[in-house]
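S.K.: Listed below are the residues making up each chain.
Protein chains: 2
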Amino acid sequence: MTGNNKKAVVLLSGGMDSATVLGIAHSLGYELYTISFYYGQRNNKELGYATKLAKYYKVKEYKVITINLDTIGGSALLTDTNLNIPTNRIDNNNIPVTYVPARNIIFLSIAGAYAEVVDAEAIFIGANQMDYTGYPDCREEFLTAFEDALNKGTKTGQEGKRIKIIAPLLHMTKAEIIKKGMELGVPYQYTWSCYVGGRKACGKCDACKLRLQGFEEAGYQDVIPYETQ
Amino acid sequence: MTGNNKKAVVLLSGGMDSATVLGIAHSLGYELYTISFYYGQRNNKELGYATKLAKYYKVKEYKVITINLDTIGGSALLTDTNLNIPTNRIDNNNIPVTYVPARNIIFLSIAGAYAEVVDAEAIFIGANQMDYTGYPDCREEFLTAFEDALNKGTKTGQEGKRIKIIAPLLHMTKAEIIKKGMELGVPYQYTWSCYVGGRKACGKCDACKLRLQGFEEAGYQDVIPYETQ
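Going down the list, the sequences are from chains A and B. Residue 93 in the working numbering sits at position 39 of the first sequence, with consecutive numbering throughout. Residue 68 in the working numbering sits at position 14 of the second sequence, with consecutive numbering throughout.
Careful, some of the hints might be misleading.
One copy or two, it doesn't matter: identical chains are merged, so the pair holds either way.
Said to hold, decoys possible - Below 30 Å or equal to it, Euclidean Cα-Cα: the simulated DSSO-like pairs (lysine-lysine) are:
(1) Lys233 / Lys112
(2) Lys112 / Lys258
(3) Lys114 / Lys99
(4) Lys218 / Lys109
(5) Lys258 / Lys61
(6) Lys258 / Lys209
(7) Lys114 / Lys263
(8) Lys263 / Lys209
(9) Lys61 / Lys215
(10) Lys258 / Lys114
(11) Lys233 / Lys215
(12) Lys209 / Lys99
(13) Lys61 / Lys263
(14) Lys99 / Lys61
(15) Lys215 / Lys263
(16) Lys218 / Lys258
(17) Lys258 / Lys60
(18) Lys209 / Lys112
(19) Lys258 / Lys234
Read the hints as simulated data drawn from the structure, not as lab findings.
Please put together the full structure from these sequences, using the hints given.
M.R.: As structure tokens, this is what we get:
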């Protein structure tokens with residue numbers, strides 16, 4: 055039965071965006087293969103949620119890749135103590151300190167290897183250029199160029215097949231993402247956004263602010279607990 | 055003094071090709087940053103040699119990245135026991151089982167992050183399309199496409215600078231590589247090629263055969279010990 059299914063690798067962080075993407079890929083009928091990364095991020099609470107989401111959607115296979123990107127450093131999201139977590143909203147004119155150098159490039163490369171091994175025709179990624187236009191590896195121009203490089207550099211591409219990179223959230227606002235997810239029944243209780251990573255979400259960091267504002271604009275109540283409530 | 059130097063990240067496996075590339079980058083006057091990968095390869099003996107090479111060339115910084123690519127599988131070079139190490143020479147019409155899905159894509163992505171963090175203007179890679187034309191991620195077409203994607207997806211590229219991918223061995227035969235390396239005084243005693251990874255090189259696997267043939271054609275004697283001698 056599974057042999058004839060179209061297959062997709064989904065990059066799953068355990069955050070709201072990638073959960074929505076998983077819900078979208080599921081709704082499109084793909085057999086799902088999720089991939090998550092432990093890369094030395096300060097807050098790895100998300101990863102536990104990624105497992106819950108994978109189970110919820112009954113994915114065919116679930117991989118966790120460990121890379122010590124913290125040894126390279128250069129981001130406030132890694133254990134680079136010289137950079138502080140921002141709490142003053144993201145300035146779209148500058149690349150924020152939470153930018154992890156080449157993160158999506160690295161994640162998409164490894165997802166590309168996985169797609170090739172399981173013979174998936176697509177890689178779904180929650181890249182979004184509305185909220186974080188400062189992250190260069192979340193922009194369409196990059197994703198198109200990377201898809202081209204990936205297909206030139208893999209056996210799959212050489213064999214005349216193609217691995218597509220699909221970023222369904224690319225041009226959506228946070229509110230639109232949440233509306234879409236709520237329509238699809240995405241279990242947002244199994245997602246985590248807060249940069250701080252306490253027992254409850256802090257409600258103050260940029261990620262919490264964007265999330266809360268998104269729910270408000272979408273006309274829904276967030277279902278996770280906040281310190282500030 | 056180091057502040058004004060042009061900087062390069064060099065992908066260093068501890069094999070003969072990447073050692074030669076390190077020698078070339080050194081001869082060009084770059085301040086050197088090497089990066090090596092432990093990715094679940096069966097034979098990780100090379101990595102010890104990478105450290106020796108880095109010390110020999112007095113590199114500014116040396117990083118070892120660990121990624122569990124073996125969890126994805128799909129290659130005889132990983133701990134995928136369904137695939138055997140080839141000993142019948144490489145067939146240039148087919149991609150060999152030693153192909154690791156998207157390996158150079160993954161390595162170049164991480165090297166790209168490193169280049170961005172240390173502000174390097176170039177990434178040197180020992181890709182070669184003469185001996186292993188079957189590896190799609192060793193071809194010029196891929197490297198050009200990847201350089202484009204990398205610069206579109208990184209802060210460096212957004213800031214109008216450019217990270218170049220330099221593959222000086224791309225069109226060289228193994229004999230030409232060895233000749234070049236010998237001229238530059240590359241310490242080939244600190245390199246390892248054999249797929250098997252015993253105390254001495256086996257002399258029988260494809261990697262040993264290519265190496266021995268290369269030395270013979272170049273008119274030099276290999277300096278490492280072989281089981282077959």
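S.K.: When Cα atoms must be at most 30 Å apart, do Lys258 and Lys234 count as within-copy, between-copy, both, or neither?
M.R.: Within one copy only: 25 Å inside, 58 Å across.
S.K.: Quick one: Lys258 to Lys114, C-alpha cut-off 30 Å, is that within a copy, between copies, both, or neither?
M.R.: Neither. Shortest intra-copy (36 Å) and inter-copy (40 Å) distances fail the 30 Å Cα cut-off.
S.K.: Which holds for Lys218 with Lys258 at a C-alpha limit of 30 Å: within a copy, between copies, both or neither?
M.R.: Close neither inside one copy (37 Å) nor across copies (40 Å); limit 30 Å.
S.K.: From the Cα coordinates, with 30 Å as the cut-off, is the pair Lys233 and Lys215 best called within, between, both, or neither?
M.R.: Neither way: Lys233 and Lys215 sit 34 Å apart in one copy and 39 Å across, limit 30 Å.
S.K.: Classify it for me, Lys209 with Lys112: is the Cα-Cα distance of at most 30 Å met within a copy, between copies, both or neither?
M.R.: within (29 Å within a copy, 37 Å between copies)
S.K.: Could you place Lys209 and Lys99 in one of the four classes (within, between, both, neither) given a Cα distance threshold of 30 Å?
M.R.: Result: close only across copies, 27 Å inter versus 35 Å intra.
S.K.: When Cα atoms must be at most 30 Å apart, do Lys258 and Lys209 count as within-copy, between-copy, both, or neither?
M.R.: between (46 Å within a copy, 26 Å between copies)
S.K.: Between Lys258 and Lys61, at a C-alpha cutoff of 30 Å, which is it: within one copy, between copies, both, or neither?
M.R.: Classified as neither; 38 Å inside a copy, 39 Å across copies.
S.K.: Could you figure out if Lys112 and Lys258 sit no more than 30 Å apart (CA to CA) within one copy, between two copies, both or neither?
M.R.: neither (33 Å within a copy, 46 Å between copies)
S.K.: At most 30 Å between alpha carbons: which applies to Lys218 and Lys109, within, between, both or neither?
M.R.: Cα proximity of Lys218 and Lys109: one copy only (25 Å, versus 42 Å across).
S.K.: 30 Å Cα cut-off: does Lys114 pair with Lys263 within a copy, between copies, both or neither?
M.R.: Cα proximity of Lys114 and Lys263: none, with 34 Å in one copy and 41 Å across.
S.K.: Could you figure out if Lys215 and Lys263 sit no more than 30 Å apart (CA to CA) within one copy, between two copies, both or neither?
M.R.: Neither: 42 Å inside a copy, 33 Å across copies.
The structure is inconsistent with the numbered hints 2, 5, 7, 10, 11, 13, 15, 16 and 17, although it conforms to all the rest.
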